[in-house]
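Q: Let the hints inform the model, and build the full structure from the sequences given.
Protein chains in written order, with our numbering: chain A, 1 to 368; chain B, 1 to 320; chain C, 1 to 506.
Because the hints were derived from the structure by calculation, they are not lab data.
It cannot be assumed that every hint is accurate.
Stated by the list, open to error - Computed Cβ-Cβ distance ranges for the label pairs, DEER-style:
1. Asp-178/A with His-129/B: 17 to 25 Å
2. Arg-330/C with Gln-83/A: 15 to 23 Å
3. Gly-21/A with Gly-454/C: 56 to 64 Å
4. Asp-264/C with Thr-313/B: 46 to 54 Å
5. Trp-13/A with Gly-397/C: 14 to 22 Å
6. Thr-64/B with Val-29/A: 48 to 56 Å
7. His-334/C with Gly-21/A: 26 to 34 Å
8. Thr-91/B with Glu-485/C: 27 to 35 Å
Quick caveat: nothing in here was measured; it's all calculated off a predicted structure.
Heads up, the beta-carbon is just placed ideally off N, CA and C, and yes, glycines get one too.
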Amino acid sequence: MIRVERRLEQPAWLSLAVPLGSVVVSFGVMAIVLVATGRAPGHTFIRLFDSAFIGRDALNATFVSATPLAFTGLCAAAAFRMQLFNIGGEGQLYAGAVLGAGAALLLGNHTAWLSIPLMVVAGAAGGAAFALIPAVLRAFLSTNEIITSLMLNYVAALVVDYLIFDSQSYWRDTSTPDARVFPQGKMLPDAASWPGLHLGGIVLPFGLLLGAGIAALLWVLFARTRFGFEMRVIGDSRRAATYAGMRTRRKILAVLAISGAIAGIGGASQDGDFRHTLDPRGLTQSGYGYSGIVIAALGRYNPFAVVVIAFLIGGLQNAGYTLQGVDFPSGLVGVMQGLILFCALGGELLIRYRLRVARPVREREASA
Amino acid sequence: MILAAGINDSILVVVLASAVAYGTPLLYAALGELVAERAGVLNLGVEGMMLMGAVMGFWGVQRTGNLGVAILVGAVAGGTMALIHAFLVITLRANQIVSGLALTIFAGAAGLSSYLGNDLQLADEPARHAFGPLFPHGWQTAGVVGPILLQHSVLVYASWLCVAAVAFYLNRTRPGLNVRAVGEAPAAADAMGINVTRYRYIHTLVGGVFAGVGGACFSLSITPQWVDGLTSGAGWIAIALVIFAFWRPALCLVGAYFFGAFQGLPFTLQSRGVTVAPELFQALPYVMTIVVLVLVSSAGARRRLGAPASLGTPYVREER
Amino acid sequence: MPTAVELTGIVKRFPGVIANDGVEFEAAEGEVHALLGENGAGKSTLSNILTGLYRPDEGSIRLYGEHVTFHSPGDALDAGICMVHQHFRLVAPFSVAENVILGDHRGEGRKLVVHPRRIERRVAELGERYRIEVDPRARVWQLSLGEQQRVEILKALYREARILILDEPTAVLTPQEADSLFETLRVMAGEGRTIIFISHKLHEVEAVSDRVTVLRAGKTVASVETAGATQRSLASLMVGRDVQLAQRQERTAPVGEAVLEVSDLCATGDRGDEALRGVSLTVGAGEILAVAGVAGNGQRELAETITGMRARTRGSVAVDGTPLHGGDPREAIHAGIAHVPEDRLHTGVAPSLSIAQNLVLKSYRSKEHAAGPLLRLRAIRDRAAHLIERYDVRGGGPQLPARQLSGGNLQKVVLAREFSGSPRVLVAASPTRGLDVAAIETVHRYLREAAAEGVAVLLISEDLDEILALADRIAVFFEGRISGEVDAGRTTVEELGLLMAGGAPS
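A: Right under this line is the structure:
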């Protein structure tokens with residue numbers, strides 16, 4: 001008979017082994033699914049790995065995919081750590097994209113030294129402001145932030161669509177007769193193009209570097225500051241935090257604002273690094289926010305792990321796009337991500353509890 | 001389509017009719033979620049289950065031409081997804097919120113439902129059969145009652161029966177009493193000999209079945225076609241709906257039609273030539289959900305009547 | 001009388017501890033048998049095994065001579081074993097009747113549909129037969145703790161329990177209600193049922209039981225007739241050494257000036273009711289004022305209001321003459337109010353955080369522990385090591401998560417933290433609940449030391465022995481008001497009992 005016992009200590013190696021194990025197991029399950037739908041798993045996986053990591057082009061494409069994921073992953077990690085389930089990373093990213101593009105367009109072709117930082121700030125502001133809606137509702141009106149932040153994702157998507165497709169907004173390109181009929185966003189000025197770090201043939205997008213820097217800052221925040229300490233107490237026991245005199249409401253607002261700001265910078269990065277315009281279709285069809293949650297959970301909310309895992313999942317997604325076609329079904333990426341998350345969740349059990357095979361109950365004879 | 005021409009045209013009637021039409025999938029999903037939450041299991045994967053129900057139900061009708069089979073397939077699809085969630089959160093004691101999200105990512109748009117839909121080549125074709133009005137045309141136009149009550153498909157009428165059945169089950173039967181005890185005080189229920197694990201499994205599964213049927217409503221009745229992500233967040237609205245209804249089936253009905261009216265409003269107004277940016281109207285249901293949730297939460301925050309006390313927490317018997 | 005229950009060689013292990021280590025226990029029909037032991041001796045574990053909640057690692061259970069195995073609580077219930085737990089297993093929003101019939105699958109219980117009127121009538125009849133007064137239609141959350149306990153007993157009677165186990169049942173009763181309970185138990189024993197009475201209170205064991213089994217550190221150390229034992233002999237069996245029962249120490253120094261002044265305090269409870277209805281009290285420097293009363297009469301709300309965790313609706317709280325705005329724990333902390341909360345694990349500490357982190361839970365903003373926004377981790381760790389040694393916290397080093405500490409050591413951490421802030425007032429709510437005798441002695445010693453250093457101590461407790469031993473004055477709470485204030489040296493348990501039940505002071 002198998003018994004489940006709570007562990008006294010949580011060995012550190014498990015925190016690494018479980019996420020890795022989850023990936024392995026999910027690949028195994030995926031293999032079964034592939035076989036069931038008449039495809040060769042080995043061949044598929046090799047193609048995946050190839051398209052993701054082998055060769056400079058693959059790596060660069062993976063970095064491109066990984067960048068937004070790093071931001072949304074950090075966004076989710078920052079909030080989830082405190083038991084604040086900010087599902088609104090998706091919408092906060094859009095908000096950041098809107099304000100980031102707006103800032104770039106406003107500045108015109110001024111120097112990049114001005115444009116780029118301002119885009120970052122605008123993106124952060126947009127994301128933070130958008131995240132404050134569910135934050136305020138949660139802190140002051142006890143409204144469940146999961147549903148509010150999620151509903152706002154849909155609203156944000158519609159707003160972005162509206163700005164480009166159904167209005168004559170500032171973001172929309174109305175310069176050519178063509179553009180008036182087929183809606184598209186204005187191209188951002190060259191000054192607003194974010195640079196990349198060139199190493200050999202490899203290009204690391206500015207956004208990715210920014211994301212890594214933010215990860216480091218977050219880590220310091222969590223581990224070394226008073227703010228981080230309060231976050232940990234509140235996340236562990238709200239009552240204890242109140243008892244200790246901590247200002248829990250302010251923290252909720254602050255943490256969600258930071259979380260949203262990070263996603264917002266990710267949105268600005270989309271404008272500046274890759275798309276160079278406000279691109280509703282591209283943004284809303286990518287599901288960066290939701291993938292970010294998977295990455296955060298898999299990385300157990302550790303900022304550095306999140307960045308690394310964003311890279312790996314970015315590779316997976318990149319491969320998914322590259323290989324898309326009749327041969328390669330479109331939902332594969334979502335399925336894999338979901339599977340990985342399931343396995344990670346199941347693996348959590350192993351970290352917190354221990355499975356033991358119990359000896360059968362032995363009887364002792366009654367003493368005379 | 002449900003909004004058939006030639007029926008009494010007054011805007012109120014049309015709005016009511018579309019409220020029912022769009023509200024029905026919400027109602028099914030909300031009833032399912034209500035049942036699961038009463039047992040103490042929070043299921044955020046409703047959207048994913050609905051999408052699975054939609055795609056598999058559609059596949060069912062395309063393969064067999066039989067609507068009954070199609071609904072059944074949709075229900076089973078939803079239930080299977082729910083089984084995954086149940087296993088994770090009940091047996092493996094995983095965090096219910098993250099598990100539900102994982103399920104939505106796994107099964108939702110750009111996930112398994114998309115994979116299956118594209119793989120089975122279900123897109124771009126209308127359904128071979130769709131659910132149409134149940135009663136003959138003559139009845140549908142009779143008086144005031146006709147256009148409001150009699151022009152619906154069997155799915156709608158069945159949903160009303162489900163509301164009554166769930167209400168009766170919860171309030172007047174022994175298993176209903178037991179499941180409510182499981183949701184409110186699993187330790188007490190366990191001490192009285194009720195199998196908490198079994199009740200939670202069964203009710204989570206039922207929740208998935210209902211969600212699957214709700215999803216099938218989309219692909220077999222409302223659109224009736226399959227498109228990736230065709231539920232557009234209905235699953236999430238259903239979750240909010242349960243809170244709005246204070247976990248009571250009858251109020252779910254009211255709420256579902258309320259939200260359904262908002263979903264149908266853009267099309268209704270558009271067909272009358274009112275042109276406002278469609279996004280504005282499309283955003284309304286989501287905004288309304290937030291507003292409603294705020295109202296319900298702040299009033300209820302003090303009294304805490306409604307939410308089953310153990311909602312979201314795994315029950316562990318041998319914990320020290 | 002024939003043997004009803006026989007437990008032989010019961011062993012039950014949990015991670016890190018052996019709760020039952022070869023326990024032997026035997027009770028006869030028609031007997032009231034006390035299971036005595038201090039907190040942590042293994043009584044609750046044993047009863048949980050007997051009721052099917054836990055499965056023993058080794059050993060056997062015999063009921064009426066037959067060997068039995070329980071796979072779930074349902075099996076035990078079917079075998080006729082019912083338990084009244086310390087924390088009631090009731091469904092709060094349900095009615096009394098619904099709670100009583102819950103899970104019953106005999107006879108009437110097999111029907112699908114539930115008829116409220118019918119079950120209410122049956123429960124009312126049952127109550128009349130045993131003279132247990134309770135309204136079958138009342139919602140459980142509306143009932144007092146004493147009334148809830150009666151519901152638990154009704155449950156057992158409804159299930160026709162042949163063996164009834166009660167776990168520390170008098171914790172929530174006034175002395176008079178306890179006597180009434182003992183009456184009911186004797187009636188039930190007279191019907192041939194076996195009553196197992198779990199307690200760590202010696203005078204109760206003397207009063208109600210026929211035989212006593214003493215557990216210590218998971219083993220059975222004795223099984224004797226109550227008539228032939230004394231409180232002292234039982235106490236020494238319980239603890240394993242000769243024990244001085246809690247002695248009162250008379251004050252030597254005079255009480256200082258008033259430090260804590262509470263005036264006409266009113267506050268609303270969690271259920272929207274008026275939990276505090278105009279409470280006024282004063283505690284002087286170096287004085288120990290005890291608040292006595294059955295749990296649920298406003299004591300918890302009093303502690304929460306004074307320490308800022310709950311807003312008041314009227315009245316005032318002042319420390320050293322300075323009034324507090326209230327509703328803000330930080331304000332209370334700065335005013336010098338230390339708080340040892342009732343729920344030490346989930347309120348007093350953040351359970352997953354380390355001991356070191358918990359020790360600075362309130363002081364992490366101070367200059368010693370923080371440099372600007374950053375924490376001084378080394379200073380925090382050193383401080384923790386120092387406090388762990390000074391307060392003899394055992395179980396691990398500063399990095400150990402707080403939840404892994406035993407109850408006594410956890411309380412030491414809380415006390416260490418609260419005292420290290422040089423408080424003016426100490427509010428201690430049920431500080432020794434669930435602790436073993438050694439830990440209780442330690443906590444009492446710290447409380448006395450605090451008073452000796454001039455701290456105004458407000459002790460809230462349900463344990464009259466503790467109160468009589470420690471307090472200078474006693475304020476008795478009943479339904480949100482102080483029903484009487486007495487001098488601890490000159491009162492009696494009877495007088496206190498009367499006041500606890502709302503009677504007038506003599």
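Q: Does each hint fit the structure? Answer for all of them.
A: We went through each hint and held it up to the structure:
1. For Asp-178/A paired with His-129/B, a C-beta distance near 43 Å fails the hint of 17 to 25 Å.
2. Between Arg-330/C and Gln-83/A, the C-beta spacing of about 22 Å keeps the proposed range 15 to 23 Å intact.
3. A C-beta distance of roughly 59 Å is found between Gly-21/A and Gly-454/C, which places it inside the suggested range of 56 to 64 Å.
4. Checking the proposed 46 to 54 Å range against Asp-264/C and Thr-313/B shows it is violated: the Cβ atoms sit about 40 Å from each other.
5. Between Trp-13/A and Gly-397/C the beta carbon distance is about 21 Å. The supplied range of 14 to 22 Å therefore holds.
6. About 29 Å separates the C-beta atoms of Thr-64/B and Val-29/A, a value inconsistent with the hinted range of 48 to 56 Å.
7. At roughly 49 Å, the beta-carbon separation of His-334/C and Gly-21/A lies outside the given 26 to 34 Å, and the hint is violated.
8. For Thr-91/B and Glu-485/C, the Cβ-Cβ distance of about 55 Å falls outside the hinted range of 27 to 35 Å, so the restraint is violated.
Violation of the numbered hints given earlier is confined to hints 1, 4, 6, 7 and 8; the remaining hints are satisfied by the structure.
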